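Q: Chain by chain, the residues run as shown.
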Amino acid sequence: MTIEAGGTRSGDDAWRRNSRAREVRERVIKLLLSACAYLSILTTFGIVAVLFEETVRFFLDVSIVEFLTSTRWAPPQGDFGILPLVYGTLVATAIATAVALPVGLLTAIYLSEYAAASLRRWLKPVLEILAGVPTVVYGYFALTFITPFFRESIFPDIESFNAVAAGLIMGVMIIPTVASVSEDAVYAVPRSLREGAYALGATRRETAMKIVVPAALSGIVAAVILGVSRAIGETMIVTIAMGSQANWLGSPLEGMQAMTAYIVQVVGGETPRESITFKSIFAVGSALFLITLVLNLVSYWFVRRFREIY
Amino acid sequence: MAQSTTRADRSAAGESDFKASISTRYGLDRAFTVLVTAAALIGIGVLALLLFEVIRDGSTMLSTRFLTSFPSQLFPENGGIYPALVGSVWLLGLTALISVPLGLGAAVYLQEYAEDTRLNRVIEVNISNLAGVPSIIYGLLGLGIFVQLLAPVTGGGSVLTGALTLSLLILPIIIVATREALRAIPASIREGGYALGATRWEVIRSHLLPMALPGALTGIILALSRAIGEAAPILVVGVSLYQTYVTRSPFDGYMALPTQIYDWISRPQQVFQDSAAAGIVVAMGVLLLANSLAIWLRNRYQKHSR
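Just so you know, the sequences run in chain order V and Y.
Throughout the first sequence, residue numbering follows the numbering used here, covering -9 to 300 in sequence.
Throughout the second sequence, residue numbering follows the numbering used here, covering 28 to 333 in sequence.
No lab work stands behind these hints: they were computed from the structure.
Keep in mind that this is a model prediction, so the values were computed, not measured.
The beta-carbon is built from N, C-alpha and C at its ideal position, and this holds for glycine as well.
Some clues are possibly wrong.
[Stated by the list, open to error] Across the chosen pairs, the derived CB separations fall in these ranges: (1) 185(V) with 323(Y): 31 to 37 Å; (2) 262(V) with 268(Y): 55 to 61 Å; (3) 144(Y) with 68(V): 47 to 53 Å; (4) 213(Y) with 204(V): 43 to 49 Å; (5) 229(Y) with 259(V): 52 to 58 Å.
[What the hints assert, rightly or not] Not everything, but these chain Y residues come out facing chain V in the computed CB check (under 7 Å): (6) 63; (7) 148; (8) 164; (9) 310.
[What the hints assert, rightly or not] Just a few of them, taken from the derived set where beta-carbon distance is under 10 Å, the chain Y residues facing chain V: (10) 222; (11) 223; (12) 293; (13) 298.
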């Protein structure tokens, strides 16, 4: 009796201790896991803090009005007007979008409305390879293949570094982004809408273009904005194939410098850390960060909206 | 009377319109089918053309000697990518060691523990935003934090700094992929575990993580292959474009495949262009290998779950 009770009691104790140990372990693990998740907040704070600190120091030397409105960018002469760099980025991005918007959207329609399931399962990952190709590879291709091709065919006056080749290849790079996100949206359109269209005698193309695409429009808009944001932030293609000379309102057949390419140019050179030129890369980085942040938030909002409808 | 004639006229006109248009509509449909198929094939066409070009340009340089030699300014035709290859392997290993545990941890927390509080919603929006931040901005972050602020720990522009920077860059991708894999696991698995008296962590460790692994692994492989293909962020945090030694510790300097390619591209002589092409063939080989592995894993996993 006594032994049994003692045994039970000690077993009871052991079980309680064990349970407490389990509880402590559970709590510690939850804490560790949550720390991993909070790291993302820390990353954002880090980005904002680093960019903000150096940008403020830059604006102690250069007027913010000049930075935002002047059309002269020549750091050695102390001219810091960001507009020529923004222009370079926008020209390349516009060309890229002109390629990726139609091709990406049609690809999405093909994948969702036309391709057999087995084909779709292989085509999507192959498109993902396009998104994963290192951008130095695209840069090389634009510089050594696309530009010479244009020179020999339609644009004999094209410069070695130019916005057309860089923009076109950047368009190829963002096709998978545009295609994949808009395909999700197109695929999410309820079947009943398609069946309704067929019942009214619409053909496959009419159903796709007049029913499915309008129904998926907000997701498609989100996809395009996301692609534009990726193009604006792309660095190596424009660094390699578009040149390093700021060029305000130049022709797309000429070389020009993008915001990202300027940052690479400065960090690759012998610019002293404390110089105003070195600080300027953080100001350009801040502008880049703000532009892409706004685009990403708008895109996120569009995606959420189309998810709420269906 | 006049009214009925009009109606008859109208319907007759409508009928002829309809007959006239049906062949046009079918024609348009056929043209559209060709168009969308062509669009879907453009990407593959460009990829094939690109591979063909670099293999043609790089074939003169490509050999085992190319893989085992240092780059050379004096005899560029005898140069190779050995230190860059070693540096990229270091980057890959360290980045995997840092980003995989952190990414899995964050994903498990957000998917299995986090309640629908304002803070957790902020974290979610924040992660999807971080996924869209340009890679060069991560470079600037690494420059400010790991190269300057934490220099005593990281040794400044070391391979560890490069790996830390790349880890922050790919964390959002890993988190999103892992969460999707966790979300696909039916609730009954969790409930079964709890019913047997397992704690939350025990269920996660013994059931959820093993079940989510193939899906998560697909995302991890794609993320890591993106990390070693990135040139912009490591250019900012101080990758060497030339060094005479091979990286031997996390605190050493390092070269990397994409930046070595970039360095060769930016030199005008033909021999450097050919070296760049040969380097690209190696980089693309690694990329295609990683992608095939990811595709194989995903297809196997999808069949499994059905």
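Q: Run the structure past the numbered hints and jot down the numbers of the failing ones, going up.
A: 2, 4, 7, 10, 11, 13
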